[in-house]
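Trainee: Spelled out, the chains give:
Protein chains: 2
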Amino acid sequence: MIAEIIAVGSEMLTPHRQDTNSLFLTAGLNELGVQVAFKTIVGDNISHLTEAGRIALGRADIVIFSGGLGPTEDDLTREAAASALGVELHKDPDTIASLYKRFAERKIPMPPNNAKQADVLEGATLLDNRNGSAPGQYLDTVLQGADGESHRKIVILLPGPPKELKPLFTEEARPRLAASLPPRHIATRMLRMALIPESTVDARTAPIYKEFTDINTTILAGRGEIQLHFECAKATQEEAQARVDELTEKIEHEMGEDIFSAHGESIEEVVLLTLEMRQLTLAAAESCTGGLLAARLTDVPNSSRTFIGGAVVYTDALKTEFAGVDPAVITEHGAISAETARALAEGIRRKTGASLGLSITGLAGPTPISTGPDAGKPIGLVYIALADGEDTQVKQVNVIGDRERVRLWATQHAFELLRRYSL
Amino acid sequence: MIAEIIAVGSEMLTPHRQDTNSLFLTAGLNELGVQVAFKTIVGDNISHLTEAGRIALGRADIVIFSGGLGPTEDDLTREAAASALGVELHKDPDTIASLYKRFAERKIPMPPNNAKQADVLEGATLLDNRNGSAPGQYLDTVLQGADGESHRKIVILLPGPPKELKPLFTEEARPRLAASLPPRHIATRMLRMALIPESTVDARTAPIYKEFTDINTTILAGRGEIQLHFECAKATQEEAQARVDELTEKIEHEMGEDIFSAHGESIEEVVLLTLEMRQLTLAAAESCTGGLLAARLTDVPNSSRTFIGGAVVYTDALKTEFAGVDPAVITEHGAISAETARALAEGIRRKTGASLGLSITGLAGPTPISTGPDAGKPIGLVYIALADGEDTQVKQVNVIGDRERVRLWATQHAFELLRRYSL
Numbered sequence: 001m002i003a004e005i006i007a008v009g010s011e012m013l014t015p016h017r018q019d020t021n022s023l024f025l026t027a028g029l030n031e032l033g034v035q036v037a038f039k040t041i042v043g044d045n046i047s048h049l050t051e052a053g054r055i056a057l058g059r060a061d062i063v064i065f066s067g068g069l070g071p072t073e074d075d076l077t078r079e080a081a082a083s084a085l086g087v088e089l090h091k092d093p094d095t096i097a098s099l100y101k102r103f104a105e106r107k108i109p110m111p112p113n114n115a116k117q118a119d120v121l122e123g124a125t126l127l128d129n130r131n132g133s134a135p136g137q138y139l140d141t142v143l144q145g146a147d148g149e150s151h152r153k154i155v156i157l158l159p160g161p162p163k164e165l166k167p168l169f170t171e172e173a174r175p176r177l178a179a180s181l182p183p184r185h186i187a188t189r190m191l192r193m194a195l196i197p198e199s200t201v202d203a204r205t206a207p208i209y210k211e212f213t214d215i216n217t218t219i220l221a222g223r224g225e226i227q228l229h230f231e232c233a234k235a236t237q238e239e240a241q242a243r244v245d246e247l248t249e250k251i252e253h254e255m256g257e258d259i260f261s262a263h264g265e266s267i268e269e270v271v272l273l274t275l276e277m278r279q280l281t282l283a284a285a286e287s288c289t290g291g292l293l294a295a296r297l298t299d300v301p302n303s304s305r306t307f308i309g310g311a312v313v314y315t316d317a318l319k320t321e322f323a324g325v326d327p328a329v330i331t332e333h334g335a336i337s338a339e340t341a342r343a344l345a346e347g348i349r350r351k352t353g354a355s356l357g358l359s360i361t362g363l364a365g366p367t368p369i370s371t372g373p374d375a376g377k378p379i380g381l382v383y384i385a386l387a388d389g390e391d392t393q394v395k396q397v398n399v400i401g402d403r404e405r406v407r408l409w410a411t412q413h414a415f416e417l418l419r420r421y422s423l
Numbered sequence: 001m002i003a004e005i006i007a008v009g010s011e012m013l014t015p016h017r018q019d020t021n022s023l024f025l026t027a028g029l030n031e032l033g034v035q036v037a038f039k040t041i042v043g044d045n046i047s048h049l050t051e052a053g054r055i056a057l058g059r060a061d062i063v064i065f066s067g068g069l070g071p072t073e074d075d076l077t078r079e080a081a082a083s084a085l086g087v088e089l090h091k092d093p094d095t096i097a098s099l100y101k102r103f104a105e106r107k108i109p110m111p112p113n114n115a116k117q118a119d120v121l122e123g124a125t126l127l128d129n130r131n132g133s134a135p136g137q138y139l140d141t142v143l144q145g146a147d148g149e150s151h152r153k154i155v156i157l158l159p160g161p162p163k164e165l166k167p168l169f170t171e172e173a174r175p176r177l178a179a180s181l182p183p184r185h186i187a188t189r190m191l192r193m194a195l196i197p198e199s200t201v202d203a204r205t206a207p208i209y210k211e212f213t214d215i216n217t218t219i220l221a222g223r224g225e226i227q228l229h230f231e232c233a234k235a236t237q238e239e240a241q242a243r244v245d246e247l248t249e250k251i252e253h254e255m256g257e258d259i260f261s262a263h264g265e266s267i268e269e270v271v272l273l274t275l276e277m278r279q280l281t282l283a284a285a286e287s288c289t290g291g292l293l294a295a296r297l298t299d300v301p302n303s304s305r306t307f308i309g310g311a312v313v314y315t316d317a318l319k320t321e322f323a324g325v326d327p328a329v330i331t332e333h334g335a336i337s338a339e340t341a342r343a344l345a346e347g348i349r350r351k352t353g354a355s356l357g358l359s360i361t362g363l364a365g366p367t368p369i370s371t372g373p374d375a376g377k378p379i380g381l382v383y384i385a386l387a388d389g390e391d392t393q394v395k396q397v398n399v400i401g402d403r404e405r406v407r408l409w410a411t412q413h414a415f416e417l418l419r420r421y422s423l
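In the order they appear, the protein sequences are chains Z and A.
Letter 4 of the first sequence, counting from 1, is numbered 4 in the working numbering, and no numbers are missing.
Letter 362 of the second sequence, counting from 1, is numbered 362 in the working numbering, and no numbers are missing.
Any given hint could be a false lead.
Copies of the same chain look alike in the list, so a pair counts if it fits in one copy or across any two.
[To be verified] Cross-link-like lysine-lysine pairs, in silico, DSS-like; alpha carbons within 30 Å at most: (1) Lys153 with Lys91; (2) Lys210 with Lys107; (3) Lys116 with Lys101; (4) Lys116 with Lys210; (5) Lys377 with Lys163; (6) Lys153 with Lys116; (7) Lys395 with Lys377; (8) Lys210 with Lys250.
Derived from the structure by calculation, the hints contain no laboratory data.
Source: prediction; values computed, not measured.
Pulled out of the complex, with its shape left as it was, chain Z reads as follows (with noise of 0.2 Å):
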């Protein structure tokens, strides 16, 4: 069985907006073992709409439209869907009547263009909407095919809307599917990886997951970070759930500590499990990442257990007043120093009372320093420091890549210098 999801809105062609829907609904298609083939993203044009409705349905099996059920002009999912399915619609005397009731809710008499919104395709069944005021719909119907024989359709019509598609699809459309077609039985398992290079870690994975012919392997990179992600169908879960489990133990094997989480979490959410584990607490001084990392951490909720705050300090003064390092230091060595690195570590946490102290400074550009200690140290170099009160580790790494890059990077390493430091 393979599906097109047809995405319906002149909007979605314009360079502002993008149909985020279809990946939603992939996810809940390939559960059900259902590969998503095409999609197809159309706007608010009758004609364009049902031939892009007969095009799908000649290519796939299932056919979701999302979109374009409102009760503007504009809304032209309904006609379109029926004249490419060659059915009528009728009006459902009970969405009539739910319709009128809203609005004599709200107190407005209702325009007549809203009864639009009862058009149901001839066969089809209605779908709630809990969220909105138009009901999904779910066709199970066959049709000729261009070849004369009989070929299943199922065709479904969603809101756009995200809150509303998601539940209709999840509490809705989604178990009707699930009772049309053979049972199966997925799972998942995801790997993450912190500042490896993909074609490395594709190299080293790839003789163990190419082995497992019956799990599918994907690899993503992005933001500092790889995943890999698995996924297996069985006849039971069980056997889905062990195929799995056995390749992740493998590829663990292999990359060791390499990997910061196998459930899913963010780097983020592992750093601040690990130190709360130990029961240590944590306190930044940033300098080039100016706050990113403090961001990234509070981010988590309940993060304030393990991270209870610290300091920006851009310029040299702040350096001294927050984390207490010395002038000196500064002077002799640059802001962007390994030894200005470790004062910030040391001091922050002597000033803030916490477990640990990180610092981070660098230069994220876009313009060199041209005067001073720091004059003519390349843009991307970053000293990274963690001071334990026994010890104080520092990095220096080089970053390649404009501001942003520069500055999300030095945040990954210094999540990966805490990870290590905390395993």
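Chain Z is already provided as a structure; the job is to place chain A on it using the hints.
Mentor: Okay, now just chain A, sitting in the frame of chain Z:
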């Protein structure tokens, strides 16, 4: 002239990856007066891809394929485009030579499958790819339609990686397209506003922009911001610019100071610029936003001229250590209070020597506080204060939504407070 974009790659049919090239291509095509009527996303499957190409050639004048031009077995765009067009592929000797040269320079023998990157559609011009090995292709041809008539078709093949596709489109494909299309001059403007409901912006501006029937207006909302995009095409650039400027002026008159930017700058950039013009420096003490405000400001190049730094003060002890807050204020009113916000703003200003001290303290959730002076305060309650040494403004806001939204909107409110202060 209408266009179709075909994004090629099985990874874009998974729940994990999305086509983004089409947004860039759409912007470029729109500037030439070409509307995108369809986007198709198709996997690395020769029959699916050929069929998608055939359908696109049947309904669009310009067909752009992105992706599938590499050297692997999965790279099938050249073959599919050739079958869809009904033309042959031939090997381009110059491309073969440059591929051999590329490998020779890296002292590796060229794997034989690389030669497929030299396959050229009959009649096509090769587009030189500075950033990768696969050249693009540009074909301007005439096809016999299903209607028996002849139709001019432009087919463009571009590599998938954005850093290859973007320069190839801009430098090679776009000038060729522009030369084949009627000359057109487009002017655009964008107005940005923060924290106002989209419906309010639309109610106030629609009566104005609807009078400008020659201007295409789009309203976009998200992340605490509303954008109004205007686009106008005229015979001369001056005429188009005069029209969008005229509309911009009328909307500016209506919305007044609610507009934070009329030339595309982000709110962070506007705040930093206006403070710099007034020769003011800024420091911040953040509690619930945990560094997000600092991270947003320091993401702007050269922000350090104005934003000197600050502190992330999650714990009560750090509020005292870094911003000199009297512990009695917190005990009496709670950390989430107008009084603490005021003390934080005044204290961070004093400690850092900045001209302005800003503070944010609030409850981002997900867990409410069960004991002490903040017990029972609602999630989303945020206090923001701005101290300039003479006067301290304190603003209370109630943000509805999850942790991420509360944190983001709290920073938006802080930026608005700063912006209106420096007007």
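Trainee: Check the structure against each numbered hint from earlier and tell me which ones fail, lowest number first.
Mentor: none
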